[in-house]
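Undergrad: Chain residues, written in single-letter form:
There are 2 protein chains.
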Amino acid sequence: MSADSPLRVGLLGLGTVGQGVLRVLAQNGDEIERRLGRRVVVTHAAMRDIKARRDCDLSNVTICASAAEVVAADVDVVAELIGGMQPAQQLVLAAIARGKPVVTANKALIAEHGNEIFAAAQAKNVFVGFEAAVAGGIPIIKAVREGLSANRIDSLAGIINGTSNYILTQMSRRGITFGEALAEAQKLGYAEADPSFDVEGVDAAHKLTILASLAFGTKLRFAAVATEGISKVLPQDIQLAQELGYRIKSLAIAKHAQNERGDTVELRVHPTLVPAEHLLAKTDGALNAIRVHGNAVGQTVFVGRGAGGDATASAVIADLIDAARWLAAPAQAVPYLGFGSGALKEARALSFDEIESAYYLRLRVADESGVLRAITSILADLEISIEAILQKEPGENEDATLAIITSQIPESRCSRALEKLGELPFVRAGLSRLRVEHFE
Amino acid sequence: MSADSPLRVGLLGLGTVGQGVLRVLAQNGDEIERRLGRRVVVTHAAMRDIKARRDCDLSNVTICASAAEVVAADVDVVAELIGGMQPAQQLVLAAIARGKPVVTANKALIAEHGNEIFAAAQAKNVFVGFEAAVAGGIPIIKAVREGLSANRIDSLAGIINGTSNYILTQMSRRGITFGEALAEAQKLGYAEADPSFDVEGVDAAHKLTILASLAFGTKLRFAAVATEGISKVLPQDIQLAQELGYRIKSLAIAKHAQNERGDTVELRVHPTLVPAEHLLAKTDGALNAIRVHGNAVGQTVFVGRGAGGDATASAVIADLIDAARWLAAPAQAVPYLGFGSGALKEARALSFDEIESAYYLRLRVADESGVLRAITSILADLEISIEAILQKEPGENEDATLAIITSQIPESRCSRALEKLGELPFVRAGLSRLRVEHFE
Numbered sequence: 005m006s007a008d009s010p011l012r013v014g015l016l017g018l019g020t021v022g023q024g025v026l027r028v029l030a031q032n033g034d035e036i037e038r039r040l041g042r043r044v045v046v047t048h049a050a051m052r053d054i055k056a057r058r059d060c061d062l063s064n065v066t067i068c069a070s071a072a073e074v075v076a077a078d079v080d081v082v083a084e085l086i087g088g089m090q091p092a093q094q095l096v097l098a099a100i101a102r103g104k105p106v107v108t109a110n111k112a113l114i115a116e117h118g119n120e121i122f123a124a125a126q127a128k129n130v131f132v133g134f135e136a137a138v139a140g141g142i143p144i145i146k147a148v149r150e151g152l153s154a155n156r157i158d159s160l161a162g163i164i165n166g167t168s169n170y171i172l173t174q175m176s177r178r179g180i181t182f183g184e185a186l187a188e189a190q191k192l193g194y195a196e197a198d199p200s201f202d203v204e205g206v207d208a209a210h211k212l213t214i215l216a217s218l219a220f221g222t223k224l225r226f227a228a229v230a231t232e233g234i235s236k237v238l239p240q241d242i243q244l245a246q247e248l249g250y251r252i253k254s255l256a257i258a259k260h261a262q263n264e265r266g267d268t269v270e271l272r273v274h275p276t277l278v279p280a281e282h283l284l285a286k287t288d289g290a291l292n293a294i295r296v297h298g299n300a301v302g303q304t305v306f307v308g309r310g311a312g313g314d315a316t317a318s319a320v321i322a323d324l325i326d327a328a329r330w331l332a333a334p335a336q337a338v339p340y341l342g343f344g345s346g347a348l349k350e351a352r353a354l355s356f357d358e359i360e361s362a363y364y365l366r367l368r369v370a371d372e373s374g375v376l377r378a379i380t381s382i383l384a385d386l387e388i389s390i391e392a393i394l395q396k397e398p399g400e401n402e403d404a405t406l407a408i409i410t411s412q413i414p415e416s417r418c419s420r421a422l423e424k425l426g427e428l429p430f431v432r433a434g435l436s437r438l439r440v441e442h443f444e
Numbered sequence: 005m006s007a008d009s010p011l012r013v014g015l016l017g018l019g020t021v022g023q024g025v026l027r028v029l030a031q032n033g034d035e036i037e038r039r040l041g042r043r044v045v046v047t048h049a050a051m052r053d054i055k056a057r058r059d060c061d062l063s064n065v066t067i068c069a070s071a072a073e074v075v076a077a078d079v080d081v082v083a084e085l086i087g088g089m090q091p092a093q094q095l096v097l098a099a100i101a102r103g104k105p106v107v108t109a110n111k112a113l114i115a116e117h118g119n120e121i122f123a124a125a126q127a128k129n130v131f132v133g134f135e136a137a138v139a140g141g142i143p144i145i146k147a148v149r150e151g152l153s154a155n156r157i158d159s160l161a162g163i164i165n166g167t168s169n170y171i172l173t174q175m176s177r178r179g180i181t182f183g184e185a186l187a188e189a190q191k192l193g194y195a196e197a198d199p200s201f202d203v204e205g206v207d208a209a210h211k212l213t214i215l216a217s218l219a220f221g222t223k224l225r226f227a228a229v230a231t232e233g234i235s236k237v238l239p240q241d242i243q244l245a246q247e248l249g250y251r252i253k254s255l256a257i258a259k260h261a262q263n264e265r266g267d268t269v270e271l272r273v274h275p276t277l278v279p280a281e282h283l284l285a286k287t288d289g290a291l292n293a294i295r296v297h298g299n300a301v302g303q304t305v306f307v308g309r310g311a312g313g314d315a316t317a318s319a320v321i322a323d324l325i326d327a328a329r330w331l332a333a334p335a336q337a338v339p340y341l342g343f344g345s346g347a348l349k350e351a352r353a354l355s356f357d358e359i360e361s362a363y364y365l366r367l368r369v370a371d372e373s374g375v376l377r378a379i380t381s382i383l384a385d386l387e388i389s390i391e392a393i394l395q396k397e398p399g400e401n402e403d404a405t406l407a408i409i410t411s412q413i414p415e416s417r418c419s420r421a422l423e424k425l426g427e428l429p430f431v432r433a434g435l436s437r438l439r440v441e442h443f444e
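If you're matching them up, the sequences are chains A and B in order.
Residue numbering for the first sequence follows our numbering, starting at 5 and increasing by one per position.
Residue numbering for the second sequence follows our numbering, starting at 5 and increasing by one per position.
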């Protein structure tokens, strides 16, 4: 293989991202050749629905009957853009077994089976790129893995699910309910018919799993992520949060600590109150934003498109270019997760019960005297400080609504407080609790 | 050299950044070893003032009498942290001549002599890293050079001079003048005794030169940057801009176009009105932010610390880690500017006169009837549309102030308009013009 011959790419899957790869390569082929010194060309592709209309030129692509055929074909790199577990995993492992570099956009696969895949790849010394698995339009994998490699990264937090962010943005701008915003998002194609993957936090949990390993040098462990969906957020919460100086965002949060208990990580996805002035609070619509805090750089924030064919294709092609450079000198490589495989730690993951956080509490209470005293007594007895409190004047014969921002406390203590508050005769059912992140 | 032996680093200069490198390596040495598989150790250092107090541990460092001695010593990588042109350039070239990888934080050197340095390095196949030269806390070099490598980048814009941004932020928050804000910044150590390098845009121009080459694949050409300082911005401009929905920021802007005139670039640094809702408008104080627009990803924004010993050290050490990986396999390397050296273009740089922009105009006019008609007639005759206009009610016997946002027009036409407006009998001296960027 001469360095000047084109890099031959085999595409597994020709959905949104696969078509994006072909389109971007067609559009930017010359510019990419100026960078790499050789062309990047899709020579083979496999697709499930051979008759579907596609928004790209396939005239120079050999369409194979099966994805396995593409893996076996005369291609230099395999790009897995099928998604899901099987057959994606088998195909990736098959490519690795043949010593072919693999580029994948499959966050679920890397989050749930990355440890095995990287072990297989390391044994064969094969490149695996997955920049497209998280926030396609933001080169966040490379930034965390290489750009911030001098740092001990203690936390990261991101808006990494466009659907949830779109829904919360619409709820916030127009005062509509979760159900209304979701129905709209589905109509516009921003949410799936079964939206649970996005709005319950599974998609973000996959991405968070990957980011946390890159940041902390810990093994991938998807099962360690604690998730809470956004469906329980009410327009009222968004309104109260705004009046208290916050926005509600679905955040994926990872924290790492080393102390007498050893290495612990928190991996969690949940609706979160974010100070209105923070960049993450201002990341609206389908945008993604990721905040990384390192002990040398302090806070960095990366913002860009999270999804979309061309943005994700951009990440896939950046990996293809890296794969081509790796092929020219396979001895040297950045470790898959940025840390030597032997150096990856097993960290204990904290459950929601074990974390500490500030909290937003919403209570509906009868409009009686002594209510505030009873509530604040319960909190004081549990050593929970009130950082902010807001009581809205009730209408005639209506209940009053009370919103409280607490100090940083163990979640278990917050749960205890909710229990006790719920027992008060004038507190109505439906107490609500959301976590607050101050990024300090 | 075994892969497990420490990477021996020679530091040229032990100022803020050099001390930061030692401090961060001491603090994060284990984490860095987990990433790289070997330790990174400063073994030699040279400094001008041997007696100055330093905030780092030098006990294991051999202090050399001259920087040249460090270059000649038994070190694997040389980190040039002296700054300025000479002797930095000679030392970098001397290291390259010895085949030693070089890491530098020297934006002036790379912007003004990068072409020669990269040519020399290429001839000897030597690694040169300069992530620390632009926005130390943001891994923007790698992001543009590798992360966005699938894109045709058409423009970028950044807040990349912390001093200017600090001054404008203070002016904006507290209504103080440029002179007052500058004096404060000097007192706090955020601005030099001679602040012209920062506030006249030279520092930002150095950084912009580098970013533009990485984005567009053009040769480095510092002389092509058109600059305008922030000293002429009045508190009144900031106030009027805010009322029109903008913030005033010192932006470094690079644009690339290909058309019948061939390849053209705009490289400019100047105070700019930015829509208040844009992330760049919200980047305050000493923070840096860079917006990159690629045709596949759309808009991406990177935010973080621009300066400071530890943030810049983070970038230096990330490059040291890359240098160590490169040493393990010197055959393969990302080109210095992301494009093959033979593929770098010479693009014609447009002067201010040749650019197009929207403009903010501020006029002080006598409080007479017919004034607005005369002004709008001049603009209409020159085919300049008014996108927004704001006239403040004057006090008794005072002049009225008028602020206008124009449509996108050639700057030459804007100058013509200013000339004509200045000739009107009721327009006072001191017309002001600032450029407006909408990021569309």
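Derived from the structure by calculation, the hints contain no laboratory data.
Be careful, since some hints might not be right.
Put simply, identical chains are the same to the list, so a pair is met inside one copy or across any two.
Pairs of lysine-lysine, DSBU-like flavour, derived with a Cα cap of 35 Å [stated by the list, open to error]:
{"#": "1", "residue 1": "K396", "residue 2": "K349"}
{"#": "2", "residue 1": "K128", "residue 2": "K236"}
{"#": "3", "residue 1": "K128", "residue 2": "K191"}
{"#": "4", "residue 1": "K286", "residue 2": "K128"}
{"#": "5", "residue 1": "K424", "residue 2": "K396"}
{"#": "6", "residue 1": "K55", "residue 2": "K349"}
{"#": "7", "residue 1": "K191", "residue 2": "K349"}
{"#": "8", "residue 1": "K55", "residue 2": "K424"}
{"#": "9", "residue 1": "K349", "residue 2": "K223"}
{"#": "10", "residue 1": "K424", "residue 2": "K191"}
{"#": "11", "residue 1": "K223", "residue 2": "K55"}
{"#": "12", "residue 1": "K55", "residue 2": "K286"}
{"#": "13", "residue 1": "K396", "residue 2": "K55"}
{"#": "14", "residue 1": "K223", "residue 2": "K396"}
{"#": "15", "residue 1": "K424", "residue 2": "K349"}
{"#": "16", "residue 1": "K236", "residue 2": "K286"}
Undergrad: All the hints need checking, so say for each whether the structure fits it.
TA: So, going through the hints one by one against the coordinates:
Taking CA atoms no more than 35 Å apart as the test, K396 paired with K349 passes in neither setting, with 49 Å inside one copy and 63 Å between copies. For a Cα distance limit of 35 Å, the shortest separation of K128 from K236 qualifies neither inside one copy, at 47 Å, nor across copies, at 62 Å. In this assembly of identical chains, K128 and K191 lie within 35 Å of each other by CA distance neither inside one copy nor across copies; the values are 46 Å within and 59 Å between. Taking the shortest alpha-carbon separations for K286 and K128, neither the intra-copy value of 44 Å nor the inter-copy value of 48 Å comes in at or below 35 Å.
Taking the shortest alpha-carbon separations for K424 and K396, only the intra-copy value of 22 Å comes in at or below 35 Å, while the best inter-copy value is 57 Å. In this homomeric assembly, K55 and K349 never come within 35 Å of each other (Cα to Cα): the closest approach is 47 Å inside a single copy and 42 Å across copies. In this homomeric assembly, K191 and K349 never come within 35 Å of each other (Cα to Cα): the closest approach is 44 Å inside a single copy and 46 Å across copies. When the C-alpha separation of K55 and K424 is checked against a cutoff of 35 Å, the pair qualifies neither within a copy, at 61 Å, nor between copies, at 64 Å.
Taking the closest pair of Cα atoms, K349 and K223 come within 35 Å of each other only inside a single copy of the chain (6 Å); across copies the shortest separation is 44 Å, beyond that limit. Taking CA atoms no more than 35 Å apart as the test, K424 paired with K191 passes in neither setting, with 42 Å inside one copy and 54 Å between copies. In this homomeric assembly, K223 and K55 never come within 35 Å of each other (Cα to Cα): the closest approach is 41 Å inside a single copy and 46 Å across copies. Taking CA atoms no more than 35 Å apart as the test, K55 paired with K286 passes in neither setting, with 42 Å inside one copy and 48 Å between copies.
Taking the shortest alpha-carbon separations for K396 and K55, neither the intra-copy value of 58 Å nor the inter-copy value of 64 Å comes in at or below 35 Å. In this assembly of identical chains, K223 and K396 lie within 35 Å of each other by CA distance neither inside one copy nor across copies; the values are 47 Å within and 62 Å between. Proximity of K424 to K349 under the C-alpha cut-off of 35 Å is found in neither arrangement, the shortest distances being 40 Å within a copy and 70 Å between copies. Taking the shortest Cα distances, K236 and K286 sit within 35 Å of each other both inside one copy (22 Å) and across copies (31 Å).
Checked against the numbered hints given earlier, the structure breaks hints 1, 2, 3, 4, 6, 7, 8, 10, 11, 12, 13, 14 and 15 and satisfies all the rest.
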